[in-house]
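Enquirer: Next come the chains, spelled out residue by residue.
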Amino acid sequence: MEQNKFHAIGRIARRKDGIAKVTGREVYSSDVTLPHLLFARVLRSPIPHARIKSINTREAEKMGAVCITSEDTPDIKYNERQVSIPEKTYRDRVVLPDKVRHVGEGFAAVAAKTESLAEKAMRSIEVEYEKLPAIFDPYEAMRSGSPQLYDEICLGDTKLPIESNIACHREVGEGDVEHGFKEADLVVEKEFRTGRVYHAQMETKSVVCRPEPDGGISVWPTTQSIHNTRQLLGRIFSISLNKLNVHRVPIGGSFGSSIQMNTCIPICVALALKAQKPVKLVLSREEDMYDHCKYPVIIQLKYGVKKDGTITAGELKTIVDIGGHNIQAYPLLGCMAGWFVSLYRMPHLQFDGTAVYTNKAPGCAMQGYGNPQVSFAVESMIDIIAEELGMDPIALRLKNYVGLGETFWGQGPTVRSVIRSCGVEEMLLKGKDMIEWDQRVSPDKKTGRYRKGVGVARGFHTSGTGAPTPGEVIDYSTAMVKVNEDGSADFSTALMCHGGGTLEAGAKIVAEELGIPIDKVGISPADTRSTGYDVCTHATRGIYCGGASIQRAAKEAKAKLLKFASRLLDVNPEALKIQPREESDQGHIFLPGSLEKHIPVGEVAKMAQYKGWGTAIGVASHRQVNCPPCFVTNFIEVEVDTYTGEIKTTRAVAAVDCGTPINPDLAAGQLEGGLCRGIGLALLESTDYDPETGRLTCGGTFIDYKFYTPVDMPPVDKVKTFFADTYESSGPFGAKGVGEAANNATAAAVVNAIYNAIGIRFAEAPVTPERVLKALQNQPDVEK
Amino acid sequence: MMTYSIETNVNGRPRAAEVTARDTLLDVLRDHWDVFEVKNGCEQGDCGVCTVILSGKAVNACLTLAVQANGKDVVTAKGIGSPKEPHLLQTKFVEHGAIQCGFCTPGMLTSAKVLLDQNPKANRQEIREAIAGNLCRCTGYKKIVDAIEAAAAKPES
Chain A
1351 MEQNKFHAIG RIARRKDGIA KVTGREVYSS DVTLPHLLFA RVLRSPIPHA
1401 RIKSINTREA EKMGAVCITS EDTPDIKYNE RQVSIPEKTY RDRVVLPDKV
1451 RHVGEGFAAV AAKTESLAEK AMRSIEVEYE KLPAIFDPYE AMRSGSPQLY
1501 DEICLGDTKL PIESNIACHR EVGEGDVEHG FKEADLVVEK EFRTGRVYHA
1551 QMETKSVVCR PEPDGGISVW PTTQSIHNTR QLLGRIFSIS LNKLNVHRVP
1601 IGGSFGSSIQ MNTCIPICVA LALKAQKPVK LVLSREEDMY DHCKYPVIIQ
1651 LKYGVKKDGT ITAGELKTIV DIGGHNIQAY PLLGCMAGWF VSLYRMPHLQ
1701 FDGTAVYTNK APGCAMQGYG NPQVSFAVES MIDIIAEELG MDPIALRLKN
1751 YVGLGETFWG QGPTVRSVIR SCGVEEMLLK GKDMIEWDQR VSPDKKTGRY
1801 RKGVGVARGF HTSGTGAPTP GEVIDYSTAM VKVNEDGSAD FSTALMCHGG
1851 GTLEAGAKIV AEELGIPIDK VGISPADTRS TGYDVCTHAT RGIYCGGASI
1901 QRAAKEAKAK LLKFASRLLD VNPEALKIQP REESDQGHIF LPGSLEKHIP
1951 VGEVAKMAQY KGWGTAIGVA SHRQVNCPPC FVTNFIEVEV DTYTGEIKTT
2001 RAVAAVDCGT PINPDLAAGQ LEGGLCRGIG LALLESTDYD PETGRLTCGG
2051 TFIDYKFYTP VDMPPVDKVK TFFADTYESS GPFGAKGVGE AANNATAAAV
2101 VNAIYNAIGI RFAEAPVTPE RVLKALQNQP DVEK
Chain B
849 MMTYSIETNV NGRPRAAEVT ARDTLLDVLR DHWDVFEVKN GCEQGDCGVC
899 TVILSGKAVN ACLTLAVQAN GKDVVTAKGI GSPKEPHLLQ TKFVEHGAIQ
949 CGFCTPGMLT SAKVLLDQNP KANRQEIREA IAGNLCRCTG YKKIVDAIEA
999 AAAKPES
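Going down the list, the protein sequences come from chains A and B.
Each number in the working numbering corresponds to the 1-based position in the first sequence with 1350 added.
Each number in the working numbering corresponds to the 1-based position in the second sequence with 848 added.
Read the hints as simulated data drawn from the structure, not as lab findings.
Fair warning: this is a prediction, and the values are worked out from it, not measured in the lab.
Honestly, I wouldn't trust all of these hints.
Keeping only pairs whose Cα atoms sit at most 30 Å apart, straight-line, the calculated DSSO-like set for lysine-lysine is [to be verified]: (1) B/Lys905 / A/Lys2056; (2) B/Lys926 / A/Lys1463; (3) B/Lys926 / A/Lys1366; (4) A/Lys1802 / A/Lys2056; (5) B/Lys920 / A/Lys1366; (6) B/Lys969 / A/Lys2068; (7) B/Lys969 / A/Lys2070; (8) A/Lys2068 / B/Lys1002; (9) A/Lys1998 / B/Lys969.
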């Protein structure tokens, strides 16, 4: 076992931010306060589609508020997400528009001395709207003669006309799909739909910014990428990047909701620049709910299979209703193609994806980035095929999954790598025993009001977006590690911890590489001035990509440390080793086999300082050239109440192949949290719109937007997790990712379990009690 | 607008403020007194991140009027324990990985504290019910329940 030789990797340690978080000391964006702070409010459209004919801010100004409208903000088109290369970045929005495209879109803002004065000032603004016809259904939106959201946008810096509200379209094919279907003994086809889930991160999007005397600005935002926030603000406001300092602030949950520079950030910056005072903007829950959602999809899926279960061809067509702005639909479609291609081998395949504008809150990345949606369709279909062929669903999966030595598309067709570690078989077989799969009986053998069923689904996610060749997606990280004069060490990186333990893992990587105790590694505060570029903590890349740069920086620091030690001990540096020693609570450098030749790390760093040799410091800016899949498998048991249509999840087994689990306890926590959100996607969550008003039917509140509470979440006591025993040689100490993978298989496992309980196949999520009852009424043979 | 003088004890420290009848305890804690460990998540009593202990009861600070807190004791996560002397619940939250982003944590802890003060041997179901008003989007709740259970007194066998 590779793991046993590690002293830090894989150990359960108290997380470094733990005490601050439990004793109320952690400061989030919404807690940042500064002297002379003004508070901002944003005036948002109550109408789904309108031109702003006039805005009168006189009353607000009389109250002492600073006001901004489209006339005060740069007319520069931007896309809040900056992860793709510019040629593939669709830019359709400005800081404050003169045309609004969904209810809740901001078009003016105020800042005042108190939040209540800001609110009052904002309400005093007079607006004349020219109402435009709105459209909420993607199929209607594509029809000729439908209201158009855009005439043109920018692709990079080039103007791009928009027709029929089609934001972008992608086709990917390999082989001859028609030929593949002809070779098949069975062709299955079905439409699947998933909901418009809200991220529901507990901290609403927030930002504080302060204009600096040199004309620059400091920003404390909720974001997953401080460097992209800095670059975008520099571009929009023509501020030199060295005068723009974006601070990393702990975030109260994200799940993708802050993958971009959120639109509240440039609004707040524009207010601060105009007021020349620091400004704070914290979105209300309602504003946050109108800001972003998960991409809802309609998927038409078709597979051809031989009698023995071999897949001959697959075709996936999708329509994605992206709402009023195109944040990342183009890479999303590419990724969806990749998720489809990388689940099961298909000699012939076709993907066809269309992203459509409608007058709703824009979709953006949310845990899995199209993957839970694709897996929902594919993994449901695998069960359908297994039943048609009379095969065991697990056997069919084992026969066709993309595994060791095969090619995997980590981020669409341009980011491919070869799979070098794979725990798919282990997870399916071990999970099968843990859930007692062999006790499973077919739905027709079940009677009574409550029916239980067990389902399985597989999934995976990419670990980052690196590939042998540069693709459409930027991916690298920078880190700095230095050894201090008491034997401790610090590391700095712009990586972000969303709560899952990314920076904890970074600390363990440094401890392992330097041979010092975990407690001796400090995580430095980060801002854009003092760290090198890191693309974004997204795409499950934190540990695999960010961690790899940390490991490289630590190696460089270690090489210097050993060079210094070699001078002090008069030994070749290559012969020296470092290991933590309990008695001195620090690392010791020693010559194996020698009793005399050893010295504590702190002593070396101190002597190097006294002798003027310098600091043992390492810096690395590194791009991974792979994006290995972290595979997941979920087994879920549900209980369907055939009288009320309510579904409870009663047992679950969640497994992940994340290579070496660096933080096993926190990784298990990721699996549990992912499972909870995946069950929400399957059974509970979606934001619906009233087509008359264009407003959310839940009103933008948690009263009517439900997600699981501790009481409603049955697997709390009956969820088991485990890790596949794999080692990813290209990752830091054998690690891959976990994060997004955790929820990718869940929704499919739930609907497969429902089918096993009552024999009804639900292809549209969420499977609400209403939908269950309606389906039961159409299925009279389900006895009560 | 008419204002009222209120006096409370926040984590043992006397605090006073001039408030309007409509100001909530959450407004006053965060905006007047910089008590930022009491988080703001929804302002409608749905999410529980602003839970504080008001004279022994767990309440949503966003649903409590500031004037209702007059003359009472308010305890927040900072009042339960300190980094040097954390409460057992706080230690167990760290040890059990019950924290991810940490935004719900201060509210979870105050709900859990009230539960264990009133029912030191609370079982898992009672724990789940006690924190039913505290939403967490990160964890799926298992490790939070585990942590509170570990801090509860063991039932006599």
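Enquirer: Now tell me, hint by hint, if it's right for this structure.
Expert: Checked hints:
1. B/Lys905 / A/Lys2056: It holds: about 26 Å lies between the C-alpha atoms, which stays within 30 Å.
2. B/Lys926 / A/Lys1463: holds, 28 Å
3. B/Lys926 / A/Lys1366: Roughly 18 Å separates the two Cα atoms, so the pair holds.
4. A/Lys1802 / A/Lys2056: The given pair, whose Cα atoms are some 24 Å apart, holds under the 30 Å limit.
5. B/Lys920 / A/Lys1366: violated, 34 Å
6. B/Lys969 / A/Lys2068: Cα-Cα ~21 Å, so holds.
7. B/Lys969 / A/Lys2070: Status holds; Cα separation ~25 Å.
8. A/Lys2068 / B/Lys1002: holds, 21 Å
9. A/Lys1998 / B/Lys969: Holds, at roughly 28 Å.
In terms of the numbered hints stated before, the structure departs from hint 5 and from no other.
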